[in-house]
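> Residues per chain, in single letters:
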Amino acid sequence: MPETEEAQRTRVELDRDYVRDVFRAMLKARLLESKLSSLYKAGKIVGGVYLGKGQEAVSAALGASLIQGRDIFAALIRDQAGRTAFGEPLLDCTRTYLGSVLGPMKGRDGNIHRGRPREGMPAMISHLGAEVSVVGGMLMARRLKGELEGVVGATCVGDGATSTGAFHEGVNMAAVERLPLVVIVGNNQFAYSTPNDRQFACVDLLDRAKGYGVGGHSVDGTDLLACSDVIGRAVRLAREGGGPQMVVARLLRLSGHGEHDDGSYVPGTLRDSHLGRDCLENGIVQMIEQGFATVDEIEQWKNRFTEEVQAAVAQAQQEPTPDPWDEDWRACSTEPGGAI
Amino acid sequence: MSVTYIDAIREAQETLLREDPRVFLYGQDISQFGGAFKATKGLAEAFPGRVLDSPISEDAMIGMAVGAAIEGMRPIVEMQFADFSSIAFNQIVNQAATHFYRTGVPVPLTVRLPSGGTPGSGPFHSQSMEAIYAHYPGLVVVTPATVADAYHMLIDSVRLDDPVIYCEHKFLYRWLKAPRINGDSLPIGKARITRPGKHATVVAYSAMVHEAVRAAERLKDEGGWEIEVVDLRSVKPLDIDTVLASIDRTGRLLALGEAFPWGGVTAEVVARVCAEGFHLLDAPPRRLNSRDTPVPYHPKLWAAHRPTPESICLALRELLSF
Chain A
1 MPETEEAQRT
11 RVELDRDYVR
21 DVFRAMLKAR
31 LLESKLSSLY
41 KAGKIVGGVY
51 LGKGQEAVSA
61 ALGASLIQGR
71 DIFAALIRDQ
81 AGRTAFGEPL
91 LDCTRTYLGS
101 VLGPMKGRDG
111 NIHRGRPREG
121 MPAMISHLGA
131 EVSVVGGMLM
141 ARRLKGELEG
151 VVGATCVGDG
161 ATSTGAFHEG
171 VNMAAVERLP
181 LVVIVGNNQF
191 AYSTPNDRQF
201 ACVDLLDRAK
211 GYGVGGHSVD
221 GTDLLACSDV
231 IGRAVRLARE
241 GGGPQMVVAR
251 LLRLSGHGEH
261 DDGSYVPGTL
271 RDSHLGRDCL
281 ENGIVQMIEQ
291 GFATVDEIEQ
301 WKNRFTEEVQ
311 AAVAQAQQEP
321 TPDPWDEDWR
331 ACSTEPGGAI
Chain B
1 MSVTYIDAIR
11 EAQETLLRED
21 PRVFLYGQDI
31 SQFGGAFKAT
41 KGLAEAFPGR
51 VLDSPISEDA
61 MIGMAVGAAI
71 EGMRPIVEMQ
81 FADFSSIAFN
91 QIVNQAATHF
101 YRTGVPVPLT
111 VRLPSGGTPG
121 SGPFHSQSME
131 AIYAHYPGLV
141 VVTPATVADA
151 YHMLIDSVRL
161 DDPVIYCEHK
171 FLYRWLKAPR
181 INGDSLPIGK
191 ARITRPGKHA
201 TVVAYSAMVH
211 EAVRAAERLK
221 DEGGWEIEVV
231 DLRSVKPLDI
241 DTVLASIDRT
251 GRLLALGEAF
261 PWGGVTAEVV
271 ARVCAEGFHL
281 LDAPPRRLNS
291 RDTPVPYHPK
301 LWAAHRPTPE
311 SICLALRELL
321 SF
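Protein chains in written order, with this note's numbering: chain A, 1 to 340; chain B, 1 to 322.
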């Protein structure tokens, strides 16, 4: 199987610290998201909860390949692992989900719609594909300021977003400008409930990379080592002046679209197929078998991250929620000529 | 020598490029070609690398500007025609307009919309989009009607920390001239009394200011009526204080706009005047807009679709005779 070949090829080349970073972010994200799911089911979270279960390897490999403070990462709906790997504090997540006024969005926006734009983390809007050109613009600004050298901007989309005009316009623009943009297409087979065969008619989404004139890469999204290799390489290519890179990851979402959705439209045969393999369970085996971590280390990480997650949830839960009387209700940063 | 409205827009961009290294221009055909209306003529040569041709991707053009603004730049995006900004609607109202409120990070970008009708331009090169964008919190929408305002309001728009929709009227591009760009500009958000009067107030903006003045002159000649014309200058913020002060003097209101009649700026003006200045009115306030059809192609149909001095005079006579 090509997956196994990929994994075998990468074993010798992969940096040990990088792979451990990827794995730790996957593990921490899974623990955090399990907690979020419980909180949602207990009625403690208002609004939706959207998990990246099954997509952690792809997301974390991207986050760990980027450099916080230099690079740009526009995370999307299933990127808790990537956010964690990039360096977003757990508190940003728990505060936003739990509506703490001390969070980056102050209760004005929720769940995965969070970010710190001035720290290279734009806050996504719900309209799919829309972040591609925003990251492009951030890179254009760096170029105009003479600060683009060695910088990468990255974002993730799903198979559904590839059908939008915004995605097409954004990738095409980045290609025309030859920006160091990495776009990860996590093809998790379903856009909400709509399967691939109702979403696009090309044989492989990877074919689109050629159409756009950008680098194209395909990876088994259930394979931690393959993701670390292929995505790490795509980021490196962009960083070294190779222009935009598109990575298409083959995987399956192991949860509903959100926690309100049981995903019953996913056929059992698909869940039982290679695509349905849990990248974290498989990753634990890979880490141990390939000598990247010991059983004890993984157990210690698990314990430590569980405590970190508990602490981040507990802290956010005891923080104040927004008070409409304290809200300034201003959508503009300035007040030209007085009242709007 | 005289300066046209489009000269003023070009000169404002030249000033901005010269004085502020954060400014750059992005749009279709704006580089070597100088833009469909030549608003950027010669700027690519004068400012290499800062006047950039975009693909025909209005959505990505605004997304790009939002990203660049996050990083501290001051992008000016030229939409080739205001009508095409519908393709960028999502990025304008959902990305740019919500950004400061959601994240606390302002996105200082300016979108230039060549707006309004000209003879023969038809349904897709004639639209007035100001009401659509003014509806959304987080956007500033300006509609300059004079050569000096075209210049100063573009400078002010780019210097503002918030996203600005700058509606420039194509009909004024070469028709409207001034001896020079004078320096007495008002800030964005302040309306101007273009012509003082005492019998009725016409609240207008953009090209309709000039049609209102023509109508006022006719009524002056016809019956000695003194019609006050208020130029809103910016439709958001809307300077209701100046409008109410005018109606306090005249007791009568005609809200005039070139946009489609359902809702919009004229409806907003009438609603606010009724709510905040009902006691000032001596007659029911009136609105005059375009007809409720797409903007027609043929010059004869187009001229009857938008308000004209004739239709404005008719509305004013009815208002004055109440």
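Calculated directly from the structure, the hints in this document are not laboratory data.
Given the structure is predicted, the values throughout are model-derived calculations rather than measurements.
Among these hints, one or two may not hold up.
As the list claims (entries may be wrong) - Restraint ranges, calculated between C-beta atoms of paired labels, are given here:
| # | chain 1 | residue 1 | chain 2 | residue 2 | range |
| --- | --- | --- | --- | --- | --- |
| 1 | B | Asp53 | A | Gly241 | 37 to 45 Å |
| 2 | A | Glu240 | B | Glu45 | 26 to 34 Å |
| 3 | B | Pro299 | A | Gly263 | 56 to 64 Å |
Heads up, the beta-carbon is just placed ideally off N, CA and C, and yes, glycines get one too.
> Falls inside 56 to 64 Å, the C-beta gap from B/Pro299 to A/Gly263?
59 Å, holds
> Given the hint of 37 to 45 Å, is the C-beta distance from B/Asp53 to A/Gly241 inside that range or not?
22 Å, violated
> Falls inside 26 to 34 Å, the C-beta gap from A/Glu240 to B/Glu45?
Holds, since A/Glu240 and B/Glu45 (Cβ atoms, about 32 Å apart) stay within the stated range.
Consistency note: the structure conflicts with earlier hint 1 alone.
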